[in-house]
Amino acid sequence: MKRHALITRLWHWINAAALIVLFMSGLNISNAHRHLYWGHYGFDPADAWLHVTRFPAWITIPQRYDLAEARDWHNTSAWVFAAGLLVMWVFSIVSRHFWRDIATRRGDWSPRVWVEAAKAHLPGGGAKHDASYNAVQRIAYGIVLGVFLPMMVFTGLAISPGFEPAAPWMVDLLGGRQSARSLHFIFAWGLCAFFIVHIVMVLLSKPIKQIAGMIAGGTREGSSDA
Amino acid sequence: MPDIKRRTLLAGMAALPAAACTELAETGPAGDIFDAAEGWHRTAHRALASRQALAREYAPDDRSPDVKGNGTVRVESPEYRAAQADGFANWRLQVGGLFDNPLSLSMDDIRALPQRTQITRHDCVEGWSAIAEWTGPQLSALLDAAQLREEANFIVFRCADVLYGRDYYESVDLVDAYHPQTIIAHDLNGSPLPEKNGAPLRMRIERQLGYKHAKYLTGIEAVASFEQIGDGKGGFWEDIGDYQWYAGI
Numbered sequence: 001m002k003r004h005a006l007i008t009r010l011w012h013w014i015n016a017a018a019l020i021v022l023f024m025s026g027l028n029i030s031n032a033h034r035h036l037y038w039g040h041y042g043f044d045p046a047d048a049w050l051h052v053t054r055f056p057a058w059i060t061i062p063q064r065y066d067l068a069e070a071r072d073w074h075n076t077s078a079w080v081f082a083a084g085l086l087v088m089w090v091f092s093i094v095s096r097h098f099w100r101d102i103a104t105r106r107g108d109w110s111p112r113v114w115v116e117a118a119k120a121h122l123p124g125g126g127a128k129h130d131a132s133y134n135a136v137q138r139i140a141y142g143i144v145l146g147v148f149l150p151m152m153v154f155t156g157l158a159i160s161p162g163f164e165p166a167a168p169w170m171v172d173l174l175g176g177r178q179s180a181r182s183l184h185f186i187f188a189w190g191l192c193a194f195f196i197v198h199i200v201m202v203l204l205s206k207p208i209k210q211i212a213g214m215i216a217g218g219t220r221e222g223s224s225d226a
Numbered sequence: 227m228p229d230i231k232r233r234t235l236l237a238g239m240a241a242l243p244a245a246a247c248t249e250l251a252e253t254g255p256a257g258d259i260f261d262a263a264e265g266w267h268r269t270a271h272r273a274l275a276s277r278q279a280l281a282r283e284y285a286p287d288d289r290s291p292d293v294k295g296n297g298t299v300r301v302e303s304p305e306y307r308a309a310q311a312d313g314f315a316n317w318r319l320q321v322g323g324l325f326d327n328p329l330s331l332s333m334d335d336i337r338a339l340p341q342r343t344q345i346t347r348h349d350c351v352e353g354w355s356a357i358a359e360w361t362g363p364q365l366s367a368l369l370d371a372a373q374l375r376e377e378a379n380f381i382v383f384r385c386a387d388v389l390y391g392r393d394y395y396e397s398v399d400l401v402d403a404y405h406p407q408t409i410i411a412h413d414l415n416g417s418p419l420p421e422k423n424g425a426p427l428r429m430r431i432e433r434q435l436g437y438k439h440a441k442y443l444t445g446i447e448a449v450a451s452f453e454q455i456g457d458g459k460g461g462f463w464e465d466i467g468d469y470q471w472y473a474g475i
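Sequences listed follow chains A and B, in order. Under our numbering, the first residue of the first sequence carries the number 1, and numbering increases by one thereafter. Under our numbering, the first residue of the second sequence carries the number 227, and numbering increases by one thereafter.
Hints may contain errors.
Said to hold, decoys possible - So the derived label-pair ranges between C-beta atoms look like this:
(1) A:216 / B:376: 19 to 29 angstroms
(2) B:373 / A:173: 39 to 49 angstroms
(3) A:49 / B:373: 44 to 54 angstroms
(4) A:193 / B:467: 55 to 65 angstroms
(5) B:406 / A:38: 47 to 57 angstroms
(6) A:86 / B:278: 26 to 36 angstroms
(7) A:91 / B:302: 55 to 65 angstroms
As the list claims (entries may be wrong) - Beyond 12 angstroms from chain A on every Cβ pair, some chain B residues (computed):
(8) 267
(9) 301
(10) 302
(11) 314
(12) 325
(13) 371
(14) 376
(15) 434
(16) 466
Honestly, the hints are just simulated from the structure, not real lab data. Predicted model, so just to flag it, every value in this text is computed and none were measured. All residues carry an ideal CB built from backbone N, CA and C; glycine is no exception.
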């Protein structure tokens, strides 16, 4: 049995590409009105809870300020991202991938367990580099898959005036359109933080094997790791 | 200078997808994919809610202190300045194109029609929102009075303002034209529209972004296709900046 199912690997890379395009085009969109508000309305920078920096062109898509084209990249990639997330969730539940690998177990929510997991990854810590995730990984992947990624979809939908009549309760639940816009921004940066930690962790733990595993599938027993 | 090198490297890594995207967008098929994706958004919105589903309406206390003026906030033409000076007493709204009974309406004619008052949120493509009360006749009443012809597919809004040397205009399809909240507003929060918000008349297209809500309205034109108007993309920002014609997202 492979360590990562084919559908997981496909989703991982498609999702990564979609997220990068969404994030960088999102920074371009942010430059159009660099103030965030709470509530239903907000247009006066004096009422903003956060004044956002102007993101430089080199980190945005496209690489100049162009709201129309940035929105095209963003609203097109959003389909890939949202459809992919839906497929991945259906697969994870039907195949029991979620229950087997990601759902937290009794005892996972204990700082002592987290410290143990971290210690095991220090030199000589004796961590098993097998297919199973430790408590910290289960919590991190669970929060990203179950909260951060879906919240990007929900907050994004709630900003859309054409979608709102289909589910006005969603906008209310999020505290109004401008609150949804603020949350969209906050969760996007949360995902950016996850992205950085995720890459650092891969680089610190046999990166070639990890990346090859996410491409070719790897082995579930991790015997080659011994 | 390792710091500069690291920054250059980071910039290069970030620029890679961006440069690839810029290349793609400017060389062809991406534009078609973007337009298709926007079409799917429109289809999905109209499938999930009914075509006549209302945008949220708010209570008077929910209104924002003001509605920001954006795009044109002052119309410089001598005709407009003169019209404003006499309180728009001679302002006419021409209802023409594919109608059996074209109309020319004065402000009094427009105020004499059945009125709809709605407190709705105005969402700008830039990201900000304002909430205000708008009053005016439903566009559907005008389309019926002027007897829209069967071959009409779109309603084009003609405006008095000129931006970057071009006449502002916009268009919607008949689903949005006949939507109950699509009104020709003359009052904002119970007073005549201020100039920055489109005096004396502006459209409210409540399920789309602000650039669809044409201001300084002079005419309503029914057409089979908007390909021959402006650059053929259906609106001022669509022509000049490649903004999407469907602005529901």
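Each hint tested on the structure:
1. A:216 / B:376: 19 to 29 angstroms: 60 angstroms, violated
2. B:373 / A:173: 39 to 49 angstroms: Holds - the Cβ-Cβ distance for residue 373 of chain B and residue 173 of chain A, about 44 angstroms, lies within 39 to 49 angstroms.
3. A:49 / B:373: 44 to 54 angstroms: With Cβ atoms ~51 angstroms apart, the hint holds.
4. A:193 / B:467: 55 to 65 angstroms: Distance hint for residue 193 of chain A, residue 467 of chain B is violated at roughly 33 angstroms.
5. B:406 / A:38: 47 to 57 angstroms: 30 angstroms, violated
6. A:86 / B:278: 26 to 36 angstroms: 28 angstroms, holds
7. A:91 / B:302: 55 to 65 angstroms: 59 angstroms, holds
8. 267: With a cut-off of 12 angstroms, residue 267 of chain B comes too close to chain A, as the shortest Cβ separation is near 6 angstroms.
9. 301: For residue 301 of chain B, whose nearest Cβ neighbour in chain A is about 22 angstroms away, the distance exceeds 12 angstroms, so it holds.
10. 302: Holds, because the least Cβ-Cβ distance between residue 302 of chain B and chain A comes to about 24 angstroms, which exceeds 12 angstroms.
11. 314: 26 angstroms, holds
12. 325: 28 angstroms, holds
13. 371: 27 angstroms, holds
14. 376: Its Cβ never comes within 12 angstroms of chain A, the nearest being 27 angstroms, so this holds.
15. 434: 6 angstroms, violated
16. 466: 9 angstroms, violated
Violated hints, in rising order: 1, 4, 5, 8, 15 and 16; the structure is consistent with all others.
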